[in-house]
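Asker: These protein sequence lines map, in sequence, to chains E and S.
Anchor point for the first sequence: position 262 equals 261 in numbering that gives the first Met the number 0, and the numbering is continuous, going up by one each time.
Anchor point for the second sequence: position 111 equals 110 in numbering that gives the first Met the number 0, and the numbering is continuous, going up by one each time.
Heads up, some of the hints might be wrong.
Unchecked claim - In silico lysine to any residue, SDA-like type, Cα no more than 20 Å apart, as pairs: (1) S/K193 <-> S/R179; (2) E/K307 <-> E/Q5; (3) S/K152 <-> S/G195; (4) E/K185 <-> S/R202; (5) S/K152 <-> S/L225; (6) S/K193 <-> E/A245; (7) S/K214 <-> E/P101; (8) S/K64 <-> S/E46; (9) E/K193 <-> S/K145; (10) E/K193 <-> E/I146; (11) E/K35 <-> E/K152; (12) E/K35 <-> E/E188; (13) E/K193 <-> S/P101; (14) S/K260 <-> S/L33; (15) E/K97 <-> S/V192; (16) S/K35 <-> S/E188; (17) E/K260 <-> E/E222; (18) E/K185 <-> S/S174; (19) E/K185 <-> S/E49; (20) E/K185 <-> S/G99; (21) S/K193 <-> E/R282; (22) S/K97 <-> E/E188; (23) E/K97 <-> S/K260; (24) E/K214 <-> S/T102; (25) S/K185 <-> E/S263.
Note that these hints are calculated values from the structure, not bench results.
Number of protein chains: 2
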Amino acid sequence: MTIRLQAIASYIPRGGIDNLLQAAAFGETEDSVLHKIGARWLPRKAEDEETSDLATKAVAILLEKTQLSPGNVGALVVVTQNGDGYHLPHTSAFVHAKLGLPTSVPVFDISLGCSGYVYGLHILRSLMQASNLDNGILVTADPYSKIINPQDKATTLLFGDAATATLLSNQGHWSLSNPRMGSDGKNAEQIMVKDGQFFMNGRQVFNFAALLIPKEIQALLQENGLNETDIDSYCLHQGSAGILDAIARRFPAVKDRFINKLYSTGNTVSSSIPLLLEEQISRAETKRVLISGFGVGLSWASMILNRKEI
Amino acid sequence: MTIRLQAIASYIPRGGIDNLLQAAAFGETEDSVLHKIGARWLPRKAEDEETSDLATKAVAILLEKTQLSPGNVGALVVVTQNGDGYHLPHTSAFVHAKLGLPTSVPVFDISLGCSGYVYGLHILRSLMQASNLDNGILVTADPYSKIINPQDKATTLLFGDAATATLLSNQGHWSLSNPRMGSDGKNAEQIMVKDGQFFMNGRQVFNFAALLIPKEIQALLQENGLNETDIDSYCLHQGSAGILDAIARRFPAVKDRFINKLYSTGNTVSSSIPLLLEEQISRAETKRVLISGFGVGLSWASMILNRKEI
């Protein structure tokens, strides 16, 4: 059985922050907000909205869109590092309850950040193939507003809240290549929460991604016997406008195929890639997409998606 | 490529609690400690020992035992809900760093509790098969001493700290069946940390396991065309002596094959099954083992392991 990506849905909270106003308070220019950070607006969940609420809303939209009944969900996986505020249980248990899924549905959380969507696709696809499951849902929901200090310019101007839900199935039209994956735990402290404070060394993370990700993309293309022009759309983790530009500049012939959609969401962690993909897979002219996630861990993963003709 | 279980190692902290002394302070009898709870001694990690330290020690013993070099580890997965005390990064990132694993090794955490080992075996095995990896390590490390209130009789008399590491490989001798897995998020609140307080409704959890797990075991045997006497050893999650007895009583013909090894460790969450298995796979007369984990989520999973003749 071949498992493919069938559909994606997303939930973006209505509330949020005008990033130009927020940036002005830090003395940041409009140019810096729009071109270095890239985000004009940062969605923020409501105070009483839990991670599992964001996740459940995204899945509900997906079920509606695909007309899949909860009874036909074979497995559900939530990628998050900011779950419902408990050590335990896992956030997917609450999503299971809120959606009223049958007790036959296995659920668990994967703890990963900005690389988590690509890992999650591969983990869930592998599990479904081994277990012979027809349908499985991958959820991303990692609201950084829970950990951001509004006085920390390096992070409060960057991150937005969102959740997505992706249906993998034996009916999908987007095949998933083998991923390239990796980790660098020695640099884990570049993005971490310590003593309740979220800290990111923006410069170091920028350098890591700008150096490594172009090489990973090249290696993935080569592994798949493709040239950079064979890819219609490069959907990279939306770390910041600056990092996207730095990576895209390494591919001058296809620079314009690197999607930048930070403007109205900011960096939504593991939700950033599926937010781009949701749009790309609805465009008939897009046949082949390369996705690449990188960040906390440090951790990275890249994969190619191909549209199968019906 | 078929991935099998090759070897298991464990790390149990030297320090701990004399459970008879602890129980006496609550007015509990020796009989209750030894026969209802089952644990005479509860290992406790040192104050400054982190979850990733426990995990790293277990993996180091595994690498030593199997003579596997860190450079040949294909993937590493940590099952925990009490990681290194950060929202992020994942605990496996610290394990990656402490072991000095190459950057080519993908690592991530799975958030599950007492069912986590069985889920983890299936998830890692599926991933390795899909990615064509020769070796992968599954770690369990979930020190409940981090969240237990020493005044809460229902939990402080029950849980012990431990970590295990399991090598899955294309060289292993123990094949893994398809698992039976399930979830009941509607009862998630029976085992949870809320407002920093760990709470377990022991009676409800007992009833859930005593009712469900015998049925799951029967169904798994049937799916595999086996009778209960075909299993040499039943390695169930060591919830408590009482719950083990209640389940074993449902299988009178093989009651003595249900292993109870709570005495010197207590309930070590996701480490309880691999602690039993570590001993079972070293016994030449053990050819077929049934494992079953159940608890937080609520979540459960069961699987059969078969020794392949060399």
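Asker: All hints, please: hold or fail.
Answerer: Each hint tested on the structure:
1. S/K193 <-> S/R179: At roughly 30 Å apart (the allowed maximum being 20 Å), S/R179 and S/K193 break the hint.
2. E/K307 <-> E/Q5: Given that 20 Å is the threshold and the Cα spacing comes to 11 Å, the pair holds.
3. S/K152 <-> S/G195: 17 Å, holds
4. E/K185 <-> S/R202: Violated, because 44 Å separates the two Cα atoms, which is more than 20 Å.
5. S/K152 <-> S/L225: Cα-Cα ~40 Å, so violated.
6. S/K193 <-> E/A245: Cα-Cα ~43 Å, so violated.
7. S/K214 <-> E/P101: 17 Å, holds
8. S/K64 <-> S/E46: Violated, at about 28 Å.
9. E/K193 <-> S/K145: 16 Å, holds
10. E/K193 <-> E/I146: Holds: E/K193 and E/I146 sit about 10 Å apart, inside 20 Å.
11. E/K35 <-> E/K152: 13 Å, holds
12. E/K35 <-> E/E188: 23 Å, violated
13. E/K193 <-> S/P101: Violated: E/K193 and S/P101 sit about 25 Å apart, past 20 Å.
14. S/K260 <-> S/L33: 11 Å, holds
15. E/K97 <-> S/V192: 19 Å, holds
16. S/K35 <-> S/E188: Judged against 20 Å, a Cα distance of about 23 Å means the pair is violated.
17. E/K260 <-> E/E222: 28 Å, violated
18. E/K185 <-> S/S174: Answer violated: E/K185 to S/S174 is near 34 Å, above 20 Å.
19. E/K185 <-> S/E49: 16 Å, holds
20. E/K185 <-> S/G99: Given pair E/K185, S/G99 holds - Cα atoms ~8 Å apart, limit 20 Å.
21. S/K193 <-> E/R282: With a Cα-Cα distance of about 45 Å, the restraint between S/K193 and E/R282 is violated, given a limit of 20 Å.
22. S/K97 <-> E/E188: 13 Å, holds
23. E/K97 <-> S/K260: At roughly 37 Å apart (the allowed maximum being 20 Å), S/K260 and E/K97 break the hint.
24. E/K214 <-> S/T102: 14 Å, holds
25. S/K185 <-> E/S263: Roughly 35 Å between the alpha carbons, so the hint for S/K185 and E/S263 is violated.
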